[in-house]
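Enquirer: Protein chains in written order, with numbering that gives the first Met the number 0: chain Z, 0 to 79; chain G, 0 to 728.
Hints are computed from structural coordinates only; laboratory data are not their basis. Certain hints may be false.
Below are the DSSO-like pairs computed for lysine-lysine, each with C-alpha atoms no more than 30 Å apart in a straight line [what the hints assert, rightly or not]:
(1) 539/G with 75/Z
(2) 53/Z with 339/G
(3) 339/G with 69/Z
(4) 454/G with 534/G
(5) 53/Z with 326/G
(6) 339/G with 67/Z
(7) 75/Z with 326/G
Output of the computed footprint for chain G on chain Z, the stretches with three or more beta carbons under 8 Å from beta carbons of chain G [what the hints assert, rightly or not]:
(8) 5-15
(9) 20-28
(10) 52-61
As the structure is a computational prediction, the values presented were derived from the model and not from experiment. Even for Gly, the Cβ is constructed at its ideal location relative to N, Cα and C.
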Amino acid sequence: MALIDQRLQQIFREAFENDKLTLADSLSPETMPAWDSLAHVKLMMGCEEEFGVKFTIEETVESTSVAKLKAVLASKGVGR
Amino acid sequence: MNIASLELGLLLLGDPPYSDAQAAELVDLVTAHAALNSIAGLTRLEHQAAAMASGDPAAALELAARLESVHSDTGCWLRAALLEASGRFAEAAGAMRFLREKAAGEERAMVMLASARNLFAAGHYDRVWYPLAEACKSSASPRTLRNAARLLAQARKAAEPPFRRRSRIALLSTTTIDLLAPILRAQCFGSGIDADIYIGPFNQHEQEIRDPDSGLARFRPDVIVIGTDWRSLGLRDEEDSPADVVRARCAQLESLWREARERLGATVLQFNYESPPFEALGHLSAALPGGRGRLLRAINLALWEAAGRTQGVAILDVDQIAARFGKDRWNDPVLWYTAKQYPSAEAMPALGHQLTALLRAILGLTSKCLALDLDGVLWGGVIGEDGLAGIQLGGGPAGEAFVGFQRYLQSLARTGVLLAVCSKNNPEDAVLPFRQHPEMVLRERDIAVFMANWKSKDENLRAIAAAMNIGLDAMVFVDDNPVERSRVRQNLPEIEVVDLPADPAQYVAAVCRLGLFETLAITREDRDRTASIRKNLERKTLASTAASVDDYLAQLEIKVQLASFDELNLPRIVQLINKTNQFNLTTRRRGDAEIRALLAAGAYTQAMRAGDRFGDSGLTGVLIAIPEGSGLRIDTWLMSCRVLGRRLEETMFGALVRYAAENRYTHITGEYIPTAKNSQVSDLYIRLGCVPAGQEGERRFFLWETARVFPFPAMIESTDLTQRLSVTV
């Protein structure tokens, strides 16, 4: 697993309080009922803490799947 | 290759799997950057370890074995991470053992949490609690605290954590405050509080408190936190009739407090209002009579005044917490607009920390004693070597910093914190600055117990606690020597050890930041406490020369006054009920409202004040007896440890027997509920001459037939004002 996925997976595990969670690009609020607005805040916060970035309103609203979140992170220079 | 930081080195190294050459580079990297001083670096090492273990398990274990001979703290951390990622939890915990005392602050929290996590995974449940509590105490990171809360939730399914108090805490807020709950739970655990937290629906604090069927009412809170924010007041930049606005807003909250107090019986913790950092009016916002900045400050003042008039309401100074944290970071506009989060996620630990400090005060967990090393703490240099003229105290920047710290300590002592000296020194050297140095702020009279000798610090700390008659868990230890700190932490884990920074300029902040000495009120007894302990030590000297105990008591010339509870003595009574541990027959903790309810229901009460030739010990005994059938049951009986061993319990009990007889109660039932700390009164009722009268679960009962007269101890002179109020049945 690439390091970026390793780090993201850990953020997801902590946000959803599930140590068995496996990261996949397809994860989204549609495929994961637990991904509600509070979980979304936890994910965004987790990423801000882990990668030392700050999201804009638009990026926060857009990041509604692992694939989209990774794209947003990549646009901020986080690749690994 | 010379690389500036561990993080940069890891970045350059690239993703696992690693070749042998890369693994060797990694070992070089953790050898060159051996100190645990970067959270980001430690986190990255964890990820590298996890990626290696999942990619090439054999190589990961091989690297772990190789790191065993590397004497580097980061290397040790990487080894533990590799072992954890390989599922070898017990070995990982073992690798971490020596790291625990090597880091400070956030890095220490991380090591402690990892240690607790591995101990839990390895099944060593009883060893999880100490490192987990230390992580909760030293961290200000939302992530570490959230993870600590999660581990706590998992671990308590396997074993019972060592809580000192339980509290049902309701968080009602005009903003989204859900993220505070896990953080607060972790911080409370760090203070020994089992926090059962209820989160009210967003922005419905009014309905929740007023509706008798609300989720809040069903939760039966002990403490209600009312987290109102400045936006919820809906103030305009400039208001037309500011005085009316202040009065109305304050009255609205006061009426909520009344409901919370009277109907729900809860203590209220009310947030005050932050003055927001961005005002269109700028400085004028506070300068104009109707400006919002001015109004928010006026409302805050009015809230403090109102809380001062009301029992059981405390104000959390959110404006000050925000200012200390930095208002630019306290407010996160993105989180506000996307999720109505306030304050920002990163500010939650600062908020939770101060909330916990007030909860400690409410629950009677305020630390009582600050034990101080001397050289390097109260002055610079070594008195035994440098002499009076050689130590740094006043007269220069570093010397001024020590004077500043002493001023802070003296202020603490005046609010009731007991100061002790715990120093490895010749006693005659140690007292010299106190007696003769012109810049010395603290004098001998400010020190309740003075221990300067060559014994170990643990031994002296135990002796100090014994002389003050307090538990080790009420003590805080300050020493500039990390070796002494680490030894005390290992041998006396109950004691709070301050991570003293190297620079004396930072001493005040280091102690103050911990929030260990918060109280809700300062009573007369608090202000006189140091003198009282010093007198107690003089009494002990007298005791050692007296022929017998009774002879000693007679020489003390004890005078006791018993009175019923009233408005004036109630705050002190509430304080005693919530913190007394040792001479406490039932250890029932009650708030102000609950005690008033007992009074209204006709309970007989005694508040005992004791004094002797050395001085007044103040209000130090409390007894509540509740009429039950034809008798009286002693629901609560306690005495402060300051006055034990003086047969005062006989005076209190005798007065109760007399009251019962005069009011035609046939008998008195005594009750004893054992705790970890009250074994000294397990046979109290037997010693008084009562007979055992059965048991109900943990509750043991004893009986006194009122027809028997109780002999008062002759050497104690007592005035009993409680009988006067008795109504003849």
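Enquirer: Now, for every hint given, state plainly whether the structure supports it.
Expert: Hint by hint, here is what the structure shows:
Our distance criterion of 30 Å between C-alpha atoms is broken by residue 539/G and residue 75/Z, whose separation comes to about 70 Å. Note on residue 53/Z and residue 339/G: the hinted pairing holds, with a Cα-Cα distance of about 17 Å set against a maximum of 30 Å. Proximity of residue 339/G to residue 69/Z is assessed by CA-CA distance (about 25 Å); at most 30 Å being required, the pair is judged to hold. Note on residue 454/G and residue 534/G: the hinted pairing holds, with a Cα-Cα distance of about 25 Å set against a maximum of 30 Å.
For the proposed pair residue 53/Z and residue 326/G, the alpha carbon gap of about 17 Å is at most 30 Å, so the pair holds. Between the alpha carbons of residue 339/G and residue 67/Z the distance comes to roughly 23 Å, so the proposed pair stays at or under 30 Å and holds. Simply put, residue 75/Z and residue 326/G have alpha-carbon atoms about 26 Å apart, close enough for the 30 Å limit, and the pair holds. Interface restraint, the stretch 5-15 of chain Z with chain G: holds (4 residues with C-beta to C-beta distance below 8 Å; minimum three).
Only residues whose beta carbon comes within less than 8 Å of a beta carbon in chain G count, and the stretch 20-28 of chain Z has 0; fewer than three means the coverage is violated. Judged by the Cβ-Cβ criterion of 8 Å, the stretch 52-61 of chain Z is covered by chain G as claimed, because 6 of its residues qualify and three suffice.
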